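Q: Below, each chain spelled out in residue letters.
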Amino acid sequence: GNSVTQMEGPVTLSEEAFLTINCTYTATGYPSLFWYVQYPGEGLQLLLKATKADDKGSNKGFEATYRKETTSFHLEKGSVQVSDSAVYFCALMHSGGYQKVTFGTGTKLQVIP
Amino acid sequence: EPEVTQTPSHQVTQMGQEVILRCVPISNHLYFYWYRQILGQKVEFLVSFYNNEISEKSEIFDDQFSVERPDGSNFTLKIRSTKLEDSAMYFCASRPLGRGDTDTQYFGPGTRLTVL
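These protein sequence lines map, in sequence, to chains A and B.
So that you can map any letter, position 109 of the first sequence is 109 in my numbering, and since no number is skipped, the others follow by simple counting.
So that you can map any letter, position 61 of the second sequence is 61 in my numbering, and since no number is skipped, the others follow by simple counting.
Hints are supplied without guarantee of correctness; some may be wrong.
[To be verified] Listed next, the stretches of chain A that the computed footprint assigns to chain B, with coverage defined by at least 3 CB atoms under 8 Å from CB atoms of chain B:
#, segment
1, 26-40
2, 101-108
[To be verified] Here are the in silico distance ranges between beta carbons for each label pair:
#, chain 1, residue 1, chain 2, residue 2, range
3, B, 59, A, 42, 26 to 32 Å
4, B, 76, A, 10, 42 to 48 Å
5, A, 1, B, 39, 46 to 52 Å
6, A, 8, B, 18, 37 to 43 Å
7, A, 76, B, 97, 44 to 50 Å
8, B, 97, A, 30, 15 to 21 Å
[Said to hold, decoys possible] The calculated lysine to any residue pairs, modelled on SDA-like cross-linking and capped at a C-alpha distance of 20 Å, are:
#, chain 1, residue 1, chain 2, residue 2
9, B, 42, A, 107
10, B, 42, A, 59
11, B, 42, A, 69
12, A, 52, A, 42
13, B, 57, A, 1
14, B, 42, A, 48
15, A, 108, B, 2
16, B, 42, A, 17
17, B, 42, A, 94
18, A, 108, A, 69
19, A, 68, A, 50
20, A, 108, B, 57
21, A, 68, B, 14
22, B, 42, A, 56
23, B, 57, A, 8
24, A, 52, B, 104
25, B, 42, A, 79
26, A, 52, A, 62
27, B, 78, B, 40
28, A, 52, B, 57
29, B, 57, B, 27
30, A, 108, B, 44
31, B, 42, A, 1
32, A, 52, B, 40
33, B, 42, B, 97
34, A, 77, A, 26
35, B, 57, A, 3
36, B, 57, B, 30
37, B, 78, B, 28
38, B, 42, A, 67
39, B, 42, A, 8
40, A, 108, B, 7
It should be emphasised that the hints constitute simulated quantities derived from the structure, not laboratory data.
Just so we're clear, the structure is a prediction, and the values are computed from it rather than from any experiment.
Glycine is no exception: its CB is placed at the ideal position from the N, C-alpha and C atoms.
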């Protein structure tokens, strides 16, 4: 079946540091890949996505590239801010039909001033 | 921008009571979902719903759970007799018909259910 593996958290960074959160997946075929973000006390928000190999999703300074050869979708940001403190979930979904989203365990990011 | 809404934001109930969690999906979406997140754990799929019937359900979604789309806008999750282990954040999601860039599930803000 489908699965998503994320690096264990929490990750603590100083403001303006470089961020990488690793994500790898196991799936048949060609799923779409997503990063969702959950700010404290809030719901899940779509951060970015990529629907095919070599696509790069980007939003709010975050980027992730769909790497089929390494089955990875690592999240990166060049300079984090305190406001980026949240839990980040890597996820996949197969295209079409009523397909469900499969989530990773989430990685908590804390950015300190 | 259209968004998925959920009510209530927090529900407290006694063990054994019935609860109904409500969701209003984005208006032109056709696929609807419920997920749950037990505190500190991953988000888990419960059920998907399309064309007025359940498309897929997980092993979590046993006979105590049911879903309904009673009218053209609401989508509800009912738990018939709540247990302590049902305490979780419940997320509703919806998705439009289509593939590629439109193939994304949009999540509501969640309902935190606390069973005492």
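Q: Against this structure, judge whether each hint is valid.
A: To see whether the hints hold, each was checked on the structure:
1. 26-40: n = 3 at 8 Å, threshold three: holds.
2. 101-108: holds (count 6)
3. 59/B x 42/A: 26 to 32 Å: Roughly 28 Å apart at Cβ, these two residues keep to the hinted range, so it holds.
4. 76/B x 10/A: 42 to 48 Å: violated (35 Å)
5. 1/A x 39/B: 46 to 52 Å: violated (25 Å)
6. 8/A x 18/B: 37 to 43 Å: For residue 18/B against residue 8/A, whose Cβ atoms are near 38 Å apart, the range 37 to 43 Å holds.
7. 76/A x 97/B: 44 to 50 Å: violated (32 Å)
8. 97/B x 30/A: 15 to 21 Å: Distance hint for residue 97/B, residue 30/A holds at roughly 19 Å.
9. 42/B x 107/A: holds (10 Å)
10. 42/B x 59/A: Status violated; Cα separation ~23 Å.
11. 42/B x 69/A: Not satisfied, since the Cα-Cα distance of roughly 26 Å exceeds 20 Å.
12. 52/A x 42/A: violated (29 Å)
13. 57/B x 1/A: The given pair, whose Cα atoms are some 15 Å apart, holds under the 20 Å limit.
14. 42/B x 48/A: holds (19 Å)
15. 108/A x 2/B: Between residue 108/A and residue 2/B the Cα gap is close to 28 Å, so the pair fails against 20 Å, i.e. violated.
16. 42/B x 17/A: violated (27 Å)
17. 42/B x 94/A: At roughly 19 Å apart (the allowed maximum being 20 Å), residue 94/A and residue 42/B satisfy the hint.
18. 108/A x 69/A: violated (27 Å)
19. 68/A x 50/A: holds (11 Å)
20. 108/A x 57/B: violated (28 Å)
21. 68/A x 14/B: The hint is violated at about 48 Å.
22. 42/B x 56/A: Outside the cut-off at roughly 25 Å; violated.
23. 57/B x 8/A: violated (28 Å)
24. 52/A x 104/B: OK: residue 52/A and residue 104/B at ~13 Å, within 20 Å.
25. 42/B x 79/A: violated (27 Å)
26. 52/A x 62/A: holds (18 Å)
27. 78/B x 40/B: At roughly 23 Å apart (the allowed maximum being 20 Å), residue 40/B and residue 78/B break the hint.
28. 52/A x 57/B: The hint is violated at about 27 Å.
29. 57/B x 27/B: Roughly 23 Å between the alpha carbons, so the hint for residue 57/B and residue 27/B is violated.
30. 108/A x 44/B: holds (18 Å)
31. 42/B x 1/A: holds (17 Å)
32. 52/A x 40/B: violated (31 Å)
33. 42/B x 97/B: violated (26 Å)
34. 77/A x 26/A: Violated. Residue 77/A to residue 26/A sits at ~24 Å, over the 20 Å cutoff.
35. 57/B x 3/A: Roughly 17 Å between the alpha carbons, so the hint for residue 57/B and residue 3/A holds.
36. 57/B x 30/B: holds (17 Å)
37. 78/B x 28/B: violated (23 Å)
38. 42/B x 67/A: Roughly 23 Å separates the two Cα atoms, so the pair is violated.
39. 42/B x 8/A: holds (12 Å)
40. 108/A x 7/B: Answer violated: residue 108/A to residue 7/B is near 26 Å, above 20 Å.
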